[in-house]
Amino acid sequence: MVQFANVVVYSYQYLLDPKVAGYISKEMQKESVVVFDEAHNIDNVCIEALSVSVRRQTLEGARRNLNKMRQEIEKFKATDAGRLRAEYNRLVEGLAQRGNLPFTDNWLSNPALPDDILKEAVPGNIRRAEHFLHVLRRLVQYLEGRLETDNVEKEGPVGFVASINTHAGIDQKTLKFCYDRLHSLMLTLEITDTDEFLHIQTICDFATLVGTYTRGFSIIIEPFDERMPHIPDPVLQLSCHDASLAIKPVFDRFQSVVITSGTLSPIDLYPRLLNFHPVVSRSFTMSLTRDCICPMVLTRGSDQLPVSTKFDMRSDLGVVRNYGRLLLEMASVVPDGIVCFFVSYSYMDGIVNSWNENGILKEIMQHKLVFIETQDVVETTLALDNYRKACDCGRGAIFFSVARGKVAEGIDFDRHYGRLVIMFGVPFQYTLSKILLARLEYLRDTFQIKEGDFLTFDALRQAAQCVGRVIRSKADYGMMIFADKRYSRHDKRSKLPGWILSHLRDAHLNLSTDMALHIAREFLRKMAQPYDRAGGSGRKTLLSQEDVEKMGDGILNEMQY
Amino acid sequence: MASGHVIKRAKYKTSPKGAGTPGVLKMTENKIMFKPNDPTSASKIDVEFRSIKGYKNTKEGSNNPPLLNLSLEQGGSYIFEFENFLDLQVCREFVGNALTKSGDAAKAKSGDTAKAKSGEAVATSDRSTVTYPDEQLISSAEMELRIKLLRENSELQNLHKKFVLGNILTESEFWATRKKLLDGDSGTKSKQRVGFKSSMILDIKPMTDGRTNKVTFNLTPEIKYQIFALKPAVHRAFLNHVPNKMTEKDFWTKYFRAEYLHSTKNAVAAAAEAAEDEELAIFLKDDDILANAARQKIRRVDPTLDMEADQGDDYMHLPDHGIFRDGSKEITDSQHEQFKRTFLQDLNRQGEVVLEGRTIDVELEDPRTVAEALAQSRQESDENAKQERLDRISRMTEMEDLQAPHDHPLAPLCIKDPRDYFDSQLLKISDDTRAGSEQLRCSLSSEEAYGSLRGSISEIKAMGLSDPVVRPEVAVMVLNGLTQNISSTKFQLGKNAQESILNSLPNTTKEELLHHWISIQELLRHFWSSYPITTSYLYAKVSRVKDAMSKIYPQLEVTNVLLRKNISM
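In order, the protein sequences belong to chains B and F.
Add 101 to the 1-based position in the first sequence for the numbering used here, that's all there is to it.
Add 1 to the 1-based position in the second sequence for the numbering used here, that's all there is to it.
One or more hints might be untrue.
What the hints assert, rightly or not - 25 Å max Cα-Cα, derived SDA-like pairs, lysine to any residue: (1) LYS627/B with ILE519/F; (2) LYS463/B with VAL195/F; (3) LYS255/B with TYR531/B; (4) LYS169/B with GLN302/B; (5) LYS131/B with THR315/B; (6) LYS627/B with PRO533/F; (7) LYS411/B with ASP592/B; (8) LYS552/F with THR178/F; (9) LYS463/B with ALA432/B; (10) LYS490/B with SER199/F; (11) LYS507/B with GLU309/F; (12) LYS463/B with PRO304/F; (13) LYS490/B with ASP392/F; (14) LYS255/B with VAL193/B; (15) LYS507/B with MET144/F; (16) LYS163/F with MET144/F; (17) LYS551/B with LEU602/B; (18) LYS511/F with ARG565/F; (19) LYS507/B with PRO304/F; (20) LYS507/B with LYS131/B; (21) LYS507/B with VAL7/F; (22) LYS490/B with MET397/F; (23) LYS547/F with LEU625/B; (24) LYS198/F with PRO222/F; (25) LYS198/F with ASN454/B; (26) LYS198/F with GLY497/B; (27) LYS593/B with PHE385/B.
To be verified - Computed footprint of chain B on chain F, listed as stretches where at least three residues anywhere in the stretch have a Cβ under 8 Å from a Cβ of chain B: (28) 293-299; (29) 543-553.
None of these hints come from the bench; they were simulated from the model.
Ideal placement from N, C-alpha and C gives every residue a C-beta, glycine not left out.
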């Protein structure tokens, strides 16, 4: 199908994840233009694509898979021994010719090790099917042993491979070929139900990645989640720190790759994270007909006390109350829909409960209905549907949502579905996470990106993503409130995308609730007027080709980078 | 349309009830012709507009078919029934224009009817015998009611006189915004059903008396109904168990026991209780009816919102893929999950119920009947959901700014920020006072002032600076003189405008102002209600209204000037 299509739209993972890209994207031509849209999170997708986590369930499942495969092999030995022998012979010649795939199209299926795989043959000790199963069994046993730990352990791939070699007798080269060897075996055994064998595939992914890369990864074993130490849930995670590893094959393979999003900011950080040299790097301003967005930074409540979700302040009752009053006051002046973003589910849960206890929630509900994003997708979808209904019928509603959540990524709150978005706090990642710490360390050592810079960049792109939901077209209008005193600092604020910054006036940088309320009233009154779309004042809403060409000359000067 | 002609399919009738003759209606600038489909039929018409006195038509949305009634000068009338209201609208506009023209010609002769320029409004000077050529067929009862209302309410009468008789609004436009007044008085329309309060679940809260461990819940029929609506499982349990298995009192006791356990957020205790008592468990578990309903509803939601459908794409979050435990992901406690219905879920559910509104219309006294009525209303399902869904998709996928601009004409208003006025007044006043105080204090010529300055400088040179450079009393006096007026006027202008300013005006001026204020309010209501301007009729209305408003402003200015003169005298 892909060969006949002019335009193919799919999820990033189909191109970035080596496990899947091989099946789906192998027929793409070199001349294809690859566009990563909404690419503000592309580094995280790359990292996820090359990360593997192994839990107890995985290992148990892998054992079951191995037993099943052994039975299959026995069956084949009895009925069709020639098949296994043919596979063996093919493996001697080299993995590249396996299956019926043509030689040249094959390499993307495992972009992690394209060169080696073509040159080398599969090591002798795993060419026979039953030998390979033995190796895997030893590997699973070794991993089980590693999971039985009481402490958090962190290791580099090199040390881990050495340890496997001494304890399980599997060398690095063998590990490296696990993924392809398993693939070949499954083809030979005619296993079609790949979902059932997901677990052993995970183990082989893990083995191949560990065997291939000597840097950019770390293996972290945690006996329990730090936030819930009473529940034992050991996990062994192979975590990738280098986003450039997954995207490199895409850059190598395709002639033109475009990375674009409304919130790529600061734009110069992306080439560093993904380790490439952009041919063209441009930041475009928006051609608005009127000043239809109104960003504000709210640093204080009406009582002049600072508001923030900083760790030491977030549970402060004064802050909780000030946030509540802010929403309450806004609910009384803003028509139709309001969207609120919180830094995490647990924070949202906590603050909604305390608003309920001190009666603010009830007051808010006198103005608008409240709907909330939960971790249950069905529930959230229905809540969104009802939210829209409430906005449509004029009752008005508030939607509580979470930064980094699904709603923040995928749902538009344009027009009357969102006249105001409030970002409560700065959505920093959970900084005590071992994986994040390891990644920060790697970024500092390899790309000279400071920890603080990266964390701020990451938090601000999420915040920008959240508030950007509110506007979708020039005919639309909406307000954005960044409710945290930390947004008024230049190092934070300056990382917001240009189209927000250009509308953020100096007078709106350090507001209290009552001042913000005043600005909101003014703004809404101005925006609700009918306006001249044809552009009497020289700015048109719908540009013709001539207009665009004319702008082209001007834009070269306006360009920010 | 004014030039040219209109041809529409229509039925000619002699009375509104009759069957009518199907045929074709053709209207040119000064003639109306009707040709029946059956050429042998006798009902052929060919008259000039001159002989038409006025017309009426039926309202869109009423039960009547689209009828146009043309009344003749010499008595009698022609009634045409159109295929749809759109045709009727077109013909009505045409007839209106044609009548204006022939009316203008006729005016020279008779002069007894005054017709508005657009032909929309025709009114005579005597209100009790008003004829409404433009009027949509209204009953005589309604007419009486209108007259009665006008008589009773002098303010309304003033407005009516000003706008309707002043040809700014038509009779029907004027009353259209006061439908409620008419309905409320006649009392014929059914009352609006009261919806749920937005904060239902928050109202059901336990009370403790502080001394004993007793917890009290107050229960009213209204609350019972709300609980049934919010929680279908409780509703079902009530229908099943009461009164066969337990009394109503026991039922509610048990329910609130469960609620209380839940409110203590002790999932473990709840689980333990539920294990002992099967009926209690119903209240604590997740509502399976809701879960089923959710599965059904999810099929009807707007596809642009459907995140469940996207889940298949997102295989990265399946187990074993990607990073399992990093800082950005959240964690849940999976134990006792089914007893951990969260407050957030309750809020969502309640929003949904509030939106659905009250579905039953029975007395709330007996919970049993309420429960049964509710069960019945749940079974009625909605059919046109599919169409609605399609409509929503097309609405969501349309990008507003990529559409060609709608060619709706625009009638810009001159909107001024009231603060500008106050600020300018403030400035003026403070200027005045400053000027005044300067006059007061230094009625000196510049030479004298210079001399005084030189004098004091030489004095300082000779004696050095005295300890307080300026004496405190003088400093306070100057400061007060400069600031007091500013702050006091600001205070008065900003806050007690009603008391301090309006009451200080002469009574006639005050009444005049209030009258202008009411007029503007009325006009603004009409102005905004005609947006978006889709027809030429609306445009004409908006321009009329706007002109009327702009006339009021100079009047206000005049009042302002007069007032100033009076005050200064």
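Hints versus structure:
no.	hint	result
1	LYS627/B with ILE519/F	holds (23 Å)
2	LYS463/B with VAL195/F	holds (19 Å)
3	LYS255/B with TYR531/B	holds (18 Å)
4	LYS169/B with GLN302/B	holds (14 Å)
5	LYS131/B with THR315/B	violated (29 Å)
6	LYS627/B with PRO533/F	holds (18 Å)
7	LYS411/B with ASP592/B	holds (16 Å)
8	LYS552/F with THR178/F	holds (22 Å)
9	LYS463/B with ALA432/B	holds (12 Å)
10	LYS490/B with SER199/F	holds (15 Å)
11	LYS507/B with GLU309/F	holds (10 Å)
12	LYS463/B with PRO304/F	violated (32 Å)
13	LYS490/B with ASP392/F	holds (13 Å)
14	LYS255/B with VAL193/B	violated (37 Å)
15	LYS507/B with MET144/F	violated (58 Å)
16	LYS163/F with MET144/F	holds (19 Å)
17	LYS551/B with LEU602/B	holds (23 Å)
18	LYS511/F with ARG565/F	holds (14 Å)
19	LYS507/B with PRO304/F	holds (15 Å)
20	LYS507/B with LYS131/B	violated (33 Å)
21	LYS507/B with VAL7/F	violated (57 Å)
22	LYS490/B with MET397/F	holds (13 Å)
23	LYS547/F with LEU625/B	holds (23 Å)
24	LYS198/F with PRO222/F	holds (15 Å)
25	LYS198/F with ASN454/B	holds (20 Å)
26	LYS198/F with GLY497/B	holds (14 Å)
27	LYS593/B with PHE385/B	holds (21 Å)
28	293-299	holds (count 4)
29	543-553	violated (count 0)
Taken one by one, the earlier hints fail for this structure at numbers 5, 12, 14, 15, 20, 21, 29, listed in ascending order.
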